[in-house]
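These protein sequence lines are chains H and F, in that order. Following the UniProt record's numbering, the residues of the first sequence are numbered contiguously, the last one being 483. Following the UniProt record's numbering, the residues of the second sequence are numbered contiguously, the last one being 443.
Honestly, I wouldn't trust all of these hints.
As a list, the in silico BS3-like pairs of lysine-lysine whose alpha-carbon atoms are at most 30 Å apart [what the hints assert, rightly or not]:
1. Lys-224(F) x Lys-61(F)
2. Lys-189(H) x Lys-224(F)
3. Lys-231(H) x Lys-379(H)
4. Lys-425(F) x Lys-61(F)
5. Lys-415(F) x Lys-401(F)
6. Lys-183(F) x Lys-224(F)
7. Lys-224(F) x Lys-159(F)
8. Lys-159(F) x Lys-274(H)
9. Lys-224(F) x Lys-231(H)
10. Lys-61(F) x Lys-274(H)
11. Lys-360(H) x Lys-379(H)
12. Lys-425(F) x Lys-78(F)
13. Lys-425(F) x Lys-401(F)
14. Lys-183(F) x Lys-198(F)
15. Lys-224(F) x Lys-289(H)
Hints listed in this document are in silico derivations from the structure and should not be mistaken for laboratory results.
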Amino acid sequence: MLDVLVIGGGVVGCAVARELSRWRLRVALCEKGADVCVGTTKANSAIVHAGHSAKPGSLMAEYNVRGNELYEQLCADLDVPFRRNGSLTLCLAAEDRPKLDELYADGMANGVPDMRIIGHDEVLRMEPNVNPEVVAALHTPTGGIVCPYELTVALAENAAMNGVEFHCEAAVEGLTSIVGGGWIVHTRKGDFRTRTVVNAAGLYADVINNMVSTTLLRITPRRGEYWMVDKAYEGAFTATLFQLPSAMGKGILVTPTVDGTILIGPTADDIDDKDDLSTTLPGLEQVLKVASQTWPGLPRRSMITSFAGLRAHLPSHDFVVGEAPGAPGFYNAAGIESPGLTAAPAIAEALCRQIVAVLKPAARADFQSKRPPVRRFRKMSDDERAAAIALDPAFGRMVCRCEMVTEAEVRDAIRRPVGARSVDGVKRRTRAGMGRCQGGFCMPRVLAILSEELGVSPLAVTKDGGASTILTARLDGVKEQSK
Amino acid sequence: MTALTTICDVLVIGGGPAGMAAALAARASGCQDVLILERESELGGILRQCIHTGFGLHIFKEELTGPEYAARYVERVKEAGIAYQCDTMVISLSAERVATCVSPSHGLQRIEARAVVLAMGCRERPRGAIGIPGTRCAGILSAGTAQRFVNLEGLMPGKQVVIVGSGDIGLIMARRMTFSGAKVEAVVELMPYSSGLKRNVVQCLHDYDIPLLLSHTVTAIRGKERVTGVTVNQVDANLRPIPGTERDFACDTLLLSVGLIPENELSRAAGLELDPMTTGPVVDERLECSVPGIFACGNVLHVHDLVDNVSMEAERAGQQAATHAAAKRGGTTGTGDNAGGNCARIAVRDGAGVRGLVPRRVSAEALRQGALILSFRPDRVYRNAVLLVEADGVVVNRLRKRVVVPGEMVELTIKPEFFLETFPKQELSVRVEAEDGRIGAKA
Ligand SMILES: Cc1cc2nc3c(=O)[nH]c(=O)nc-3n(C[C@H](O)[C@H](O)[C@H](O)COP(=O)(O)OP(=O)(O)OC[C@H]3O[C@@H](n4cnc5c(N)ncnc54)[C@H](O)[C@@H]3O)c2cc1C
Ligand SMILES: Cc1cc2nc3c(=O)[nH]c(=O)nc-3n(C[C@H](O)[C@H](O)[C@H](O)COP(=O)(O)OP(=O)(O)OC[C@H]3O[C@@H](n4cnc5c(N)ncnc54)[C@H](O)[C@@H]3O)c2cc1C
Chain H
1 MLDVLVIGGG VVGCAVAREL SRWRLRVALC EKGADVCVGT TKANSAIVHA GHSAKPGSLM
61 AEYNVRGNEL YEQLCADLDV PFRRNGSLTL CLAAEDRPKL DELYADGMAN GVPDMRIIGH
121 DEVLRMEPNV NPEVVAALHT PTGGIVCPYE LTVALAENAA MNGVEFHCEA AVEGLTSIVG
181 GGWIVHTRKG DFRTRTVVNA AGLYADVINN MVSTTLLRIT PRRGEYWMVD KAYEGAFTAT
241 LFQLPSAMGK GILVTPTVDG TILIGPTADD IDDKDDLSTT LPGLEQVLKV ASQTWPGLPR
301 RSMITSFAGL RAHLPSHDFV VGEAPGAPGF YNAAGIESPG LTAAPAIAEA LCRQIVAVLK
361 PAARADFQSK RPPVRRFRKM SDDERAAAIA LDPAFGRMVC RCEMVTEAEV RDAIRRPVGA
421 RSVDGVKRRT RAGMGRCQGG FCMPRVLAIL SEELGVSPLA VTKDGGASTI LTARLDGVKE
481 QSK
Chain F
1 MTALTTICDV LVIGGGPAGM AAALAARASG CQDVLILERE SELGGILRQC IHTGFGLHIF
61 KEELTGPEYA ARYVERVKEA GIAYQCDTMV ISLSAERVAT CVSPSHGLQR IEARAVVLAM
121 GCRERPRGAI GIPGTRCAGI LSAGTAQRFV NLEGLMPGKQ VVIVGSGDIG LIMARRMTFS
181 GAKVEAVVEL MPYSSGLKRN VVQCLHDYDI PLLLSHTVTA IRGKERVTGV TVNQVDANLR
241 PIPGTERDFA CDTLLLSVGL IPENELSRAA GLELDPMTTG PVVDERLECS VPGIFACGNV
301 LHVHDLVDNV SMEAERAGQQ AATHAAAKRG GTTGTGDNAG GNCARIAVRD GAGVRGLVPR
361 RVSAEALRQG ALILSFRPDR VYRNAVLLVE ADGVVVNRLR KRVVVPGEMV ELTIKPEFFL
421 ETFPKQELSV RVEAEDGRIG AKA
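The shape of chain H in the complex, shown without the other chains (with noise of 0.2 Å):
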């Protein structure tokens, strides 16, 4: 009998068997996909919110803020890129300046620390790329990036290091409770007899809820689709920067990531499909044109890339995080739209403190916060990286030209606890394809390496797990005539 089960291996549902890891649990994790980090939160816009811009009073003002603030030792403590770069919410019209004092004031009643809204000048002195007609803005210096798919893979890692046993392709069609207590999750890799459940499931987090709980939930999905501006662009802006809702449009912002590139988006469209991550025409010009509003330089010829992501929306546009009406030891982290990245920590931690008061473990001695460091090609010094290839000369291939992911990380990113099985998995752990030549290089060699690791064949790798494989048939030995 597990103690825990969670479902859903996004970076709410990875949060929370990470947090769960530190006690005396037996806990498991299912999930749908063939890796951790297939949902909403490999396409977002990886920012770790201040906090100004949730409803006071909500529990998204409460995670955020909570969350932004475990931000720093969480990442640490993984080896994760985060960095606070501060973000602007630009007022770019005299008559919405009010809205600046508005936002600053939600922001003070969520204990949002050290904002300022600065002039004009100013504003142009921090980001000189700016539009050079923005009037003011709000300056939120807790504001930070994150890579979300590094840190969702790393929280899984770690908690697989604390002794959680993560279940793929294992989706959760159903669920009994067992009479005295406890739950039987029926799943795709079998049935799972548990104490208790947290439904982190994400976009479908409301099916799951509404086979238990006796208070329905019904998440829409809203699109938010984006660009990627090519690394050559780095160093164009420091800060996040946000627009003030404004007649053209709301809620698309111009950031650095935390690997160079600067993104740019999200729209917001409600759609029907929970799997429909197809971007837009309508949508992808929107973007290029609200953005240029912020930044009128927009290099549109230097895309990368585009793609969409899905916000998991409950009309009461708050999460539900807590036991569920009617299903006793069924914990829900559902509606966890944005700010959902920067809140997980908070909501793990909400969580973890909720069933340890029912469970009441002890505290795992042994539990080891750390995450050891990868070690990346890309960030060591020549010196590191000969010594790095005298002992494993696997470093010294190269695999991705653009990004410069070694033969060695993508071996060693498949073969670490909850390794990656998919091309993607690779790319999510290691960046190999996520360059300026968006794989062209690159993936016919992780195919190659994925396929010697997991000792299948190149016909079944896969893109990203289930059919989505990238091979159809083999030439045997057909030589045929050149022409």
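Based on these hints, arrange chain F with the ligands on the given structure of chain H.
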């Protein structure tokens, strides 16, 4: 552990046709100390995966496959005893011509060269660069990646294919996928003309009844785990999709052949001036870049359509590099106008209808001595074209061509007699006009 710095005369980065021809020419010019670094496990460059014929007509007077063409050069490199190191990627290059490279067998090395030849080739533009909307599932890959799978690894990336872009790689892959048992539904091209060689349109599409949809683009990609289909629209004169012209194609694979970009990470690192039009380094008539002692040739300089031209261009770069290295060894750095590298002063400017003239700078000497070759691509198709050569804005010569197309590089030889004493002082430019009077769009 600190890497030692070794010294060499001519360092060639990239062991494709450009790199090999440059190294051979450097050796033929008397340079004993030439080293080629190649990141793949064999020499040959992109030719290794181009198993179709059509290479070598000019240089060898016969139709060879890519690997055959490459093999002839590899043999010559070996015969000449030129040093080369494969599985070695150059990861940085400084303006002082110090290259840092890594390999599994030699670890991290630093090589200081008296002259460097850049021959890194080019890469394919990714989907993001052209912003096709839709899903990002499996089954979307660049045509060159597909070519590598099929020709080098014997692995098929799909059964039912739509190809975006009618550049040579797209055309060649349409035929290759068909040969290998796939059904190619269509080749979709945004422009009203193919950007590939005419012979490839005929031999790769027409001969196999593969439709070429000119003035069309992909407006949606469907599929969750793997591509299931695409929507194609006709585009208007501004290249925008025309509503109501949607056509759906079922397919499991979308191959992208939407352009090549010179591989200039190292050029940027070395601080070379890059040309916004070719995206390769700015060079003078000796193929020397803005940093003295660094030369460039082949696809890293500008994207070629014929490998024979690559080899010939590279020979010039190799000779010049050898000369530079010898001068450095001897303690001098060239003579006259060539002193201290790229100081040719006459700018070469793209006139109307002309794109990406190479070289960008020429010396007065080169114009007087003659036989300067300029190359460029026109911005569209011109029939009965007239190329107008101008010196400081004055037309000095008109050259006629039956047709010029963007898919084929145009070369023109600038002869001293063009100028009748009025050599340009500041600027040499070329523009193109069609004889029907239509002038090229303003450059
Ligand atoms: C456009 C956009 C921008 C955003 N920007 C930010 C931002 O800048 N800052 C910020 O803090 N937040 C942001 N967010 C919000 C943040 O991304 C989410 O709140 C967070 O990623 C949610 O994590 P999660 O773990 O709840 O969901 P997910 O990452 O979706 O994880 C849920 C997992 O559950 C799995 N699952 C589903 N059904 C089942 C089942 N039946 N059985 C087993 N597993 C199942 C899924 O496969 C998935 O892996 C943004 C969101 C979007 C869409
Ligand atoms: C699909 C296709 C079809 C073609 N068809 C024809 C045809 O029919 N006829 C014809 O005449 N021409 C054809 N061509 C054109 C011809 O192949 C090219 O013009 C020629 O290969 C360019 O030579 P190159 O040496 O400049 O570049 P490449 O052949 O690309 O060689 C560059 C080399 O540099 C290496 N390199 C790059 N960066 C580094 C680094 N940092 N460190 C170490 N090594 C590095 C690369 O691995 C590569 O081997 C075709 C090209 C393609 C792609």
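message: Of all the hints numbered above, which does this structure not satisfy? Sort the numbers upward.
response: Hints 1, 4, 10, 11 and 12 are the ones this structure does not satisfy, whereas the remaining hints hold.
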